[in-house]
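Colleague: Here is what each chain is made of, one letter per residue.
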Amino acid sequence: MLTPIVIDGLSDAALLFLVAVGLTMVFGVLRVVNIAHGSFFALGAYAAITLGLWAGALGLSQALSYGALVLSALLVAALFGPLTERLCLRATYGRGEIAQMLVTFGIFLILDDVQKLVFGVQERQNDAPLSLLGVCNLGGIVYPVYQIALVGLAVVVAFSLRWFLRGTRAGKLVLSVVHDAEMARFSGIDTAKVSVAAFTFGVFLAALGGSLASPITGAAPGMSAEATILAFAVAAIGGLGRVEGAGLAALIVGLGRAFAVYYAPAFDRATPYLVMFAVLLFRPQGLLGVVETRRL
Amino acid sequence: MKPILKAEDLQVAFGGVIAADRVNLTVLADEVLAIVGSNGSGKTTFVNVCTGYIKPRRGEVYFGNTALSRLHPRAITRLGIARAFQIPQLFAEHTVLENLLLAAAARRGFWRPFSAISRPCYLEEAREALGLLGLEGCASQRAAQLSEGTRKLVDIAMALALRPRLLFMDEPTSGVSSDEAIVIMEAVMGALARAGITTVFVEHDMEMVRRYAHRVAVWESGRVVAQGQPHGILHDSQIRESIAGMA
Amino acid sequence: MQHYSRKTASLAGVLFGLVFGLLPQAAWGAGERPAQLKVGVFTFVSGPAASYGMPAKNAADLMFESLNAGGGLAGVRLEPVFVDEAQGTDAVVSEFRRLVTSRHVPVMIAALSSANCLALAPVAEQLKTPMIAWNCDTHHLFLKKKYRYVFRANTSTVPEFVAYAAYLLQKKADVSRVGIIDPDYAFGHDAAVIFSETLRRFRPDSKLVVELYPRLGSPSYSTEISRLLAAHPAVIFTNFWGADLENFVRQALPRKLFSQSLAVIALGTTVFEEFGQRFPQGAVVGVLGDGWYHSPAVRANPQAQRFIKNYQERFHQVPVFPAFKMANAVLVVEAAYRRALRENKGQWPDSERLARALEGLRVKTLTGPLTLRADHDGLTDQIVGVSRNVAGSPYPVMADMVRYPGELVTPPVDADPIQWIKTLPADYLERLPKPGSYGP
Amino acid sequence: MKGPRALLWVCLAAAAVAVALASPWASFILTVALAKGLAALGVALLLRAGLMSLGHALFYAAGGYGAAYLARWLGVTDLLLLLGAGFLSATVLGLFTGAVLVRYRAIFFAMLNLAASMVFFSLVTKLYNLTGGSDGMPLPVPTMFGLKPGQGLFYLTLACVFVCAGGLRRYLDSAMGQGLGAIATNEIRLEYLGISVNGLLFVNYAISAGLGGLGGALAAIAIGHVTPELFFWTTSAQLLLGAALGGAGSVAGPFAGMLLLEGVRTAASQYAPLLWEMAMGLCALAVALFVPQGLSGIVDLPQQWKRAVQ
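Going down the list, the protein sequences come from chains P, W, C and V.
So the first sequence is residues 0 to 295, counted in numbering that gives the first Met the number 0.
So the second sequence is residues 0 to 246, counted in numbering that gives the first Met the number 0.
So the third sequence is residues 0 to 439, counted in numbering that gives the first Met the number 0.
So the fourth sequence is residues 0 to 309, counted in numbering that gives the first Met the number 0.
For the record, the hints were derived by calculation from the structure and aren't laboratory data.
Just so it is clear, CB atoms sit at the ideal spot from N, CA and C, and this is done for glycine as well.
One should not assume that every hint holds.
[What the hints assert, rightly or not] Pairwise CB distance ranges (calculated):
{"no.": "1", "chain 1": "C", "residue 1": "258", "chain 2": "P", "residue 2": "163", "range": "38 to 46 Å"}
{"no.": "2", "chain 1": "C", "residue 1": "173", "chain 2": "P", "residue 2": "131", "range": "28 to 36 Å"}
{"no.": "3", "chain 1": "V", "residue 1": "187", "chain 2": "P", "residue 2": "168", "range": "35 to 43 Å"}
{"no.": "4", "chain 1": "C", "residue 1": "76", "chain 2": "P", "residue 2": "131", "range": "48 to 56 Å"}
{"no.": "5", "chain 1": "W", "residue 1": "173", "chain 2": "P", "residue 2": "82", "range": "44 to 52 Å"}
{"no.": "6", "chain 1": "V", "residue 1": "187", "chain 2": "P", "residue 2": "170", "range": "29 to 37 Å"}
{"no.": "7", "chain 1": "P", "residue 1": "144", "chain 2": "C", "residue 2": "359", "range": "52 to 60 Å"}
{"no.": "8", "chain 1": "V", "residue 1": "73", "chain 2": "C", "residue 2": "147", "range": "25 to 33 Å"}
{"no.": "9", "chain 1": "P", "residue 1": "77", "chain 2": "C", "residue 2": "127", "range": "51 to 59 Å"}
{"no.": "10", "chain 1": "C", "residue 1": "311", "chain 2": "P", "residue 2": "82", "range": "33 to 41 Å"}
The following block holds chain P by itself, in its conformation from the complex (with noise of 0.2 Å):
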């Protein structure tokens, strides 16, 4: 019994890390809640499952949807990050947090009636992905071999982000002003084009969340307000701004809902908040988070 709670459990999280870690990225840099991150989520979910329709009514390979995947995400990234960063957020920017949500909240609003003009309300789907790779048996149990793969992707996003953040120039540089923004422009960095590149980049991570868990979850209305809402649970759980904290919360909440899927069904819903409730409780900052003491 323990095999299959395991691995649904590591699937389960492996689908909350890529929902999650854009949001974590994002406030780690501009200090950014983002309301609207969900959207984006979506939004790659749709844009995945559109191209890889397209490609297919096209004739071409499937194998090219894992391509549609990827490419969707950069798509929405180009298409909705620089213009949310510079004609909303900007302006928010040394305003509070209040602002903040006003803002993403407005975004995430219009967003959602946005996505049902273009995409419809109907559920949409496209399981190419999912069935070309065929299926495997663990523990006496059948699994898609993509949701296995998900985890191992989600792995590779979590790697190829912190190698980018700590062994890049160009992730330095972000870290740099995540660090000190004021240090920062002293020192000659333009702030403002860093902010519209790592939000774009946070867009993409969301994009690209939604994109690969597509072929698993498909796209529907409704999807944007509860991406947000997991994301901003695992986000804090694990500390916002620490891409290994949301690692691990994912771990943690994953397995915790499998579990309770086999031992008390009644909690599997609520297994996100009471987590994310009792580490606040005892962590506000988060698993991983750190305390930002102020001196007298």
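Following the hints, complete the assembly by docking chains W, C and V onto the known chain P.
Modeller: Quick look at chains W, C and V alone, frame taken from chain P:
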């Protein structure tokens, strides 16, 4: 003179850094004690421990017979110990008068949901505290708009409005031009003397120490290495050397 | 303090503006024949439930157009006024009130969600405005409360899910080990009780080995599917719908869940088109009523055929059963007006007369007969069958169909439904028509 | 300056009454909007202290459910008793959650409130037999001393608004009220004035929970039905939006904000029924970007523009 505050065997460490190492120090009633020492020697830490911002690892601070180390800053404040800060801590969006009104209300009965803060008795006290430091002119200015020197004065005025028995001031003149510093200190020390408030102040400027302190305690690496009259202490060459790096 | 009063003044301006902007725009001349008949139509056009609400909205558009093309109601044009149920219960109630009092809408087709039906029914009663529930099927609606103005143009959860259980029992399927996975709300919980109680009435050995209620709108059912696979039930019952159903089926298909167990996918017909021939074969499916677009009754009905043709042409989809439920509800409104006009010698009915005309109304709908019973609940037949791919069709059809007459699967007026199930006569199953007896 | 302000409030009340008399639906929507305004006023109270609650739907919903349970268990239909039940259940809940949550600040406060409300949302949806699940629970048509009040609910709501707004106005002028703003700018100084910041927040949290409960109960009685949706985070976001739209600067702000929101939603569902979300979103964006102080900041705009031109 009677002791009013007594620190016994205080020990504070942040990670591996010792910020207070077996500190024993007594503050006497009605005196003005200056704390001097180089940067990082533990002066502010001492103030922080005495006012409850930091809990000591070992040792105790007594205010009269009350042990302070387990108390919150607010409880210590209510015992009659007030504090002014190195970086002025004001309510930036309130006017100067409103800042002082809050201090006056805090002393006289804060928890009255339906009695206006601008009651005459609070107003009178707030104005009085402003008057002590010559701040009447900026009463209706927002705290955020004040110059650094005035902010320092308002910060001290708020501490004064609490009518404490003991006042800690952490570098009252840092960040202020030396001309301004003299004016500030003259006003503050005069007011304190008139009100009869025991004062402990952390100071870098030896001139200020020489002028206003009754007694000096010299800090080095978390220890009190010397204490006594300003004249004797400030002329000791060894001590001058040890605090030379600070000014 | 000066600025406070200036602020208050400006706020007062805003308030005044808002308040007068919201004032009713026209006076109401009651009694005489109106220039047009407005009909409030409550459905989901956004949010997750829109996948059901939108086909219904489309259907309503078509039905009103065709009614108007045929001269309207005794020369009066009909005009639908749509309300999005996704705005939340308070807004839905508010819109209902606004439509009645400010826009003089005399009759409502409301609502899709059970929560909204339950919330709107007392409002309809208070405003004395006839309300025709078109999709909500909670059997609690008429269980304890008696309404004068509230009617339901479709059936409740009880006949709907008794039918699936009866179908399994008649087919002598192995129901010893049953697994249930339903959405986590009243519809799912009620269906689970009704389905399993009916099985147990005739097969006391039938055991529930796993019972799962994942939250509405779950993106992934992986863990639940693993649990179902591990529990090896002989029958898996689900009344998922919309995106949840698509997700569940898509995620369960490659994992062979439906080849391991016999699946009862109650609302499966709604996703036939999405899945095409990949839809699990031999799964028990149905339409929660008789709204199957390919049933013999529908094929024999030229009006229904026109409706389907128009629907497919305009929306490039087949009309799933929520579309039929809405279309039939529009027909109920039409029939009620015609009856009221007839019984009042052509005088335009007020809401009271309209409500009386709805009492005991019998309507020949697009999909079969519908009766509004004494408790105002709708009585229609239940069509159940199994999914089967046939040559020449891109998606499965319902095979082995049965059409259970409404009065056989519906508890009598005022009966406690669970008690009624528990005391069904021993020969009940024999009295029902047999699977495969309906249609080709 | 007391005179003109009081006069304005009286005018407002007169306008509201006139509208309610003109159209029964207007009295309904005004009732709901003002009830939500009460809850938004609670949210705005915490906004003053710089705290943003993303979970105040918890108390709004608790007020509604409290009233619904009183009706369901004891068959009570009296309006004042139902209101009392809603107010009390939310306040008690506020005392418990507040005791824990006032230790947190900034985004953590927002998140924990969110978590608390979402736990309740999950449980209320899940415990079908106890709560009616997602179908919710009905509330009876209320009576007042045995009589059917009809429009009475609207007047009662209006009375609640005036009592609460007036009380809060006075409260905000007190040391405790001024202390709220002080929390936003400098907690440490407040502690060094001998004031327990968490104690002060706790009191305000309880007040804001009570206001939420009162608003929730009034709205629930007007609507006649409660559903778990009330607990969902989008309800919280709406209350927050209303408070921020109105601006936390004056007690009338949240009411104006909520009226505006309801107005926009109503207008949108009349003229563009498929795009009401977008209308509300644009509204939020416009206010956040162009009127940072909310509606109560509109009066300052011409001055700001003048300054900008110069």
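Colleague: Indicate, hint by hint, whether the structure satisfies it.
Modeller: Here is how each hint holds up against the structure:
The hint said 38 to 46 Å for the Cβ distance between residue 258 (chain C) and residue 163 (chain P), and at roughly 44 Å that hint holds. Separation of residue 173 (chain C) from residue 131 (chain P) is about 34 Å and conforms to the stated range, judged on CB atoms against 28 to 36 Å. The hinted range of 35 to 43 Å is satisfied by residue 187 (chain V) and residue 168 (chain P), whose Cβ atoms lie roughly 39 Å apart. Between residue 76 (chain C) and residue 131 (chain P) the beta carbons are some 53 Å apart, a value that agrees with the proposed interval 48 to 56 Å.
Between residue 173 (chain W) and residue 82 (chain P), the C-beta spacing of about 47 Å keeps the proposed range 44 to 52 Å intact. Taken as a hint, the range 29 to 37 Å holds for the pair residue 187 (chain V) and residue 170 (chain P), whose Cβ atoms sit roughly 35 Å apart. Distance hint check for residue 144 (chain P) and residue 359 (chain C): the Cβ-Cβ separation is about 59 Å, which falls inside the suggested range of 52 to 60 Å. For residue 73 (chain V) and residue 147 (chain C), the hinted distance range of 25 to 33 Å is satisfied, since their beta carbons lie about 27 Å from each other.
Between residue 77 (chain P) and residue 127 (chain C) the Cβ separation comes to about 57 Å, which falls inside the hinted range of 51 to 59 Å. As the Cβ distance of residue 311 (chain C) to residue 82 (chain P) is approximately 38 Å, the hint placing it in 33 to 41 Å holds.
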